[in-house]
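Q: Listed below are the residues making up each chain.
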Amino acid sequence: GENVEQHPSTLSVQEGDSAVIKCTYSDSASNYFPWYKQELGKGPQLIIDIRSNVGEKKDQRIAVTLNKTAKHFSLHITETQPEDSAVYFCAAASVGSNMLTFGGGTRLMVKP
Amino acid sequence: EAQVTQNPRYLITVTGKKLTVTCSQNMNHEYMSWYRQDPGLGLRQIYYSMNVEVTDKGDVPEGYKVSRKEKRNFPLILESPSPNQTSLYFCASSLTPPSGVGPYGYTFGSGTRLTVV
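For the protein sequence lines, the chains are A and B, in the order given.
Per my numbering, the very first residue in the first sequence carries number 1167; after that it's consecutive.
Per my numbering, the very first residue in the second sequence carries number 20; after that it's consecutive.
No lab work stands behind these hints: they were computed from the structure.
Worth double-checking, as some hints may not be accurate.
Once the Cα atoms are required to be at most 27 Å apart in a straight line, the calculated DSS-like pairs of lysine-lysine come out as [unchecked claim]:
| # | chain 1 | residue 1 | chain 2 | residue 2 |
| --- | --- | --- | --- | --- |
| 1 | B | K88 | B | K76 |
| 2 | A | K1208 | B | K90 |
| 3 | A | K1188 | A | K1224 |
| 4 | B | K36 | B | K88 |
| 5 | B | K37 | A | K1188 |
| 6 | A | K1203 | B | K76 |
| 7 | B | K37 | A | K1208 |
| 8 | B | K36 | B | K76 |
| 9 | B | K88 | A | K1237 |
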């Protein structure tokens, strides 16, 4: 089955700096890569996703890039704000599979 | 409000005492899933359901049961809980499966923190 590895496990940045979280996946058939943000005491919430026919996708201060050859994808947050502090999860789903496999999570702390 | 509702939010129980965590969604989603969240391991899928009466195992199904008798409800059953099932549990639903065509983002519930002593 699919295996998703996520790095780093914790990330601390100053407000205004950029943050990058990286994930690798094992199944070359995977074609859907979402990112979720989990705030304290809440369930994860989808913030952005990308499919394998697209190399990059942006939504305001967040962007996701995908390298299918290397089987890795990344989340980029620019101009970080304290409210970006949360746990972020990457995930991958394979064509024909009904399962979404998550990475181990990254705790992002944005210091004012 | 579109949402996934889990109950209870917190539960402390003893080893071997059967329990059920309920999950209900009001979005007419066909696909529902249960995950457990453990530090450093992310979210691991326990079971999922494609539709009424259609369920299948995820990555960590041992010790759990599910049923899908109605579209909106997807309870998680622990017949004989053990301490290694102490975890944070999430129910999630989506319009289509993750690899399907169309909108497929999960809506997650708020979680159930289970402690088995």
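Q: Among all the numbered hints in the text so far, which are the ones the structure does not match?
A: 5, 9
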